[in-house]
Amino acid sequence: MSKKKTCMTVIENRAIAEGIYSMVLVCPEGESFGAVRPGQFVGVCCRDGSRILPRPISICDFDAEGKLLRLVYRCAGKGTAEFAGWEAGSEAQILGILGNGYDLSALVGKKVLLIGGGIGAPPLLGLAKSLKQADEAAGAGKVTAVLGYRTNDLFLAEEFRRAAEVIIATDDGSAGVHGNVIDAIRELSPEFDVICACGPMPMLRGVKALAEEKGVKAWISLEERMACGVGVCLGCVTKTAHKDEHSNVNNTRICTEGPVFDAEEVLL
Amino acid sequence: MTQSQMTEKNRPDMSVEIAGVRFQNPVMTASGTFGSGIEYSEFVDLNRLGAVVTKGVSNIPWEGNATPRVSETWGGMLNAIGLQNPGIDIFVERDLKFLEPYDTKVIVNVCGKSEQDYLDVVERLSDEKRVDMLEINVSCPNVKEGAIAFGVHADSLFRITEKIKKVAKQPVIMKLTPNVTSIPELARAAEAGGADALSLINTITGMKIDVERRCFVLANRTGGLSGPAIHPVAVRMVYEAAHSVKIPVIGMGGIATAEDALEMILAGASGVAVGAMNFSDPMTTIRVIEGIEAYMERHQVSKITDLIGVL
Ligand SMILES: Cc1cc2nc3c(=O)[nH]c(=O)nc-3n(C[C@H](O)[C@H](O)[C@H](O)COP(=O)(O)OP(=O)(O)OC[C@H]3O[C@@H](n4cnc5c(N)ncnc54)[C@H](O)[C@@H]3O)c2cc1C
Ligand SMILES: Cc1cc2nc3c(=O)[nH]c(=O)nc-3n(C[C@H](O)[C@H](O)[C@H](O)COP(=O)(O)O)c2cc1C
Ligand code: FES
Chain X
5 MSKKKTCMTV IENRAIAEGI YSMVLVCPEG ESFGAVRPGQ FVGVCCRDGS RILPRPISIC
65 DFDAEGKLLR LVYRCAGKGT AEFAGWEAGS EAQILGILGN GYDLSALVGK KVLLIGGGIG
125 APPLLGLAKS LKQADEAAGA GKVTAVLGYR TNDLFLAEEF RRAAEVIIAT DDGSAGVHGN
185 VIDAIRELSP EFDVICACGP MPMLRGVKAL AEEKGVKAWI SLEERMACGV GVCLGCVTKT
245 AHKDEHSNVN NTRICTEGPV FDAEEVLL
Chain U
59 MTQSQMTEKN RPDMSVEIAG VRFQNPVMTA SGTFGSGIEY SEFVDLNRLG AVVTKGVSNI
119 PWEGNATPRV SETWGGMLNA IGLQNPGIDI FVERDLKFLE PYDTKVIVNV CGKSEQDYLD
179 VVERLSDEKR VDMLEINVSC PNVKEGAIAF GVHADSLFRI TEKIKKVAKQ PVIMKLTPNV
239 TSIPELARAA EAGGADALSL INTITGMKID VERRCFVLAN RTGGLSGPAI HPVAVRMVYE
299 AAHSVKIPVI GMGGIATAED ALEMILAGAS GVAVGAMNFS DPMTTIRVIE GIEAYMERHQ
359 VSKITDLIGV L
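Going down the list, the protein sequences come from chains X and U.
Sequence positions in the first sequence follow my numbering and run 5 to 272.
Sequence positions in the second sequence follow my numbering and run 59 to 369.
A hint or two may mislead.
Here are the simulated distance ranges between beta carbons [stated by the list, open to error]:
#: 1; chain 1: U; residue 1: Val368; chain 2: X; residue 2: Ser94; range: 37 to 47 Å
#: 2; chain 1: U; residue 1: Pro290; chain 2: X; residue 2: Val220; range: 50 to 60 Å
#: 3; chain 1: X; residue 1: His182; chain 2: U; residue 2: Ala207; range: 53 to 63 Å
#: 4; chain 1: U; residue 1: Ala277; chain 2: X; residue 2: Gly23; range: 25 to 35 Å
#: 5; chain 1: X; residue 1: Asp67; chain 2: U; residue 2: Leu369; range: 45 to 55 Å
#: 6; chain 1: X; residue 1: Glu216; chain 2: U; residue 2: Thr280; range: 36 to 46 Å
#: 7; chain 1: U; residue 1: Arg272; chain 2: X; residue 2: Asn254; range: 22 to 32 Å
If you're looking for bench data, these hints aren't it; they were derived computationally from the structure.
A quick note: this is a predicted structure, and the numbers were derived from the prediction, not measured.
We put the CB at the ideal spot given by N, CA and C, even for glycine.
Excised from the complex, chain X in its bound form (with noise of 0.2 Å):
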């Protein structure tokens, strides 16, 4: 048996901005994940037995033997504010690794465009760490990475500062570009040869848009309620361009054949 749900032991759970939390876990003596993907989750399983299904939460960091798991969520409901409350050295019962996540191999050497809308911004952070190691090692590539935030308070920012350009974009127009990431993008006009997006549907939507203009390939994270995570219940599925190998119609599983989709694949 490859896969269980694992108990972790919380080292860290703190509060970075108003309402987002950033929160460190660590596997059990002796055991790990192994290879993990930037872009892939993992379902946080509650407490609090009145509430059954895991949260699906995507891995924003961790280390190389996969041993380390860093999760970045907003307080959304019930289930986050929960976890807003568990104590460094408690336990956190996690369910994965779950999804597909981020192919580098088709992302190194290039120039890469980042786009995190608010709470989507967490797994790109990964990502970018691992492109900026990759590159360096390729001794090619380059990584900027556009955020939108709502107002200036940028978590991860600084983050991000270290493995790649940045961008900024905020909704009030308190820090960065006044607009969304898209209008960033078309004020600023960084180079890129490809997109690794994350963020709410009508950003996906813009920057699915964006890709098809500028003839570029776009990968992007969706979202859906999950119920199992890992592919049985078929409750998180997304309608496809064309037919799915697995369910043999034109919708695919998101928590198994996703989070990461080209996004000429899916209907949005």
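Once you've looked at the hints, dock chain U with the ligands against the given chain X.
For chain U with the ligands alone, coordinates are given in the frame of chain X:
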């Protein structure tokens, strides 16, 4: 004495027989919550399960409903998947083939929109050796046509059971819906139609509303409620069904622990299935099996069949 110290000989006998099929233990997976076992085989040793009950399959591929399809509720969840499935051809080639080597029984859950849809699938499976039993889903609340319509009226349930029995080569389980006034009436109708066994309950129709956005949470508006929240309702209905027919009953609905499963068994279930709680912990089935064994040791029960329907 711990599990490992026990010899095979004094281990409790967990095997049950349902309609002539022998199961190594009574614990199964509930249809639609375990796929065909492919994904969960990475978490669970399928050889330890009494049976894998597969996701509903129809004669042709079904796309299912729009999303959101699932929503958590207190102690449970709503789903309105709409029986998305790849169709019987892929199912046979891929899913049944995958299950081939496992030492567990295979029960195939069958769905359809018309009588002929069901008969097509049943006929197509009749020569598949890997299929030990068929479970006929006449109780899904999430598809507009067919499905549940056959399961809510005694006369239509009787008729479709009779027709399916004429073409089926494997024993037939009719899966009952809780969304009816009288379980005994429906249970007896299926028995009269020739059903070899019954299973219940399918999900209870529910609805969830997002008060902030003032909209339905599920695209389908209504969905089927499952999980621990429905367990007492399921136990009552299993009890009623088991006490109104002679054929065996498989109980499901909110099973999370061995105690939950034992309640069903004491109420008259010969088999039990774990559904939504697989999502919470993929090892739930195994915990239930081990818990029942521990209970039997503690109460010095040597055969599980001694517990079935003692109430
Ligand atoms: C692949 C994936 C990765 C994600 N990564 C992150 C991340 O890194 N950081 C982060 O803050 N959030 C992330 N989310 C969103 C996160 O899952 C939800 O915010 C969270 O489940 C809310 O749970 P809750 O109990 O607080 O909210 P409630 O509203 O109380 O939850 C009720 C139910 O709805 C589900 N739900 C509610 N909102 C969402 C949503 N937006 N997406 C999916 N399910 C939802 C919950 O899981 C739960 O089952 C991700 C979602 C997906 C699908
Ligand atoms: C996501 C989901 C999908 C389901 N799909 C099917 C199905 O295809 N056929 C069927 O007969 N029952 C289906 N069911 C019903 C379950 O098999 C079971 O009867 C019900 O969920 C009650 O058990 P539980 O409370 O343990 O989940 C489904 C349930 C869930 C939660
Ligand atoms: S969440 Fe169950 S299939 Fe994706």
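Right, here's what the structure says about each hint:
One distance hint, 37 to 47 Å for the beta-carbon pair Val368/U and Ser94/X, holds here, with the actual separation near 42 Å. Taking 50 to 60 Å as the suggested C-beta distance range, the pair Pro290/U and Val220/X conforms, at roughly 56 Å. For the hinted restraint 53 to 63 Å between His182/X and Ala207/U, the CB-CB distance of approximately 56 Å keeps it satisfied. Ala277/U and Gly23/X have their C-beta atoms about 28 Å apart, which keeps the hinted 25 to 35 Å range intact.
At roughly 54 Å, the beta-carbon separation of Asp67/X and Leu369/U lies within the given 45 to 55 Å, and the hint holds. About 38 Å separates the C-beta atoms of Glu216/X and Thr280/U, a value consistent with the hinted range of 36 to 46 Å. A hinted range of 22 to 32 Å for the beta carbons of Arg272/U and Asn254/X is consistent with their spacing of about 31 Å.
Every hint from the earlier list agrees with this structure, and none is contradicted.
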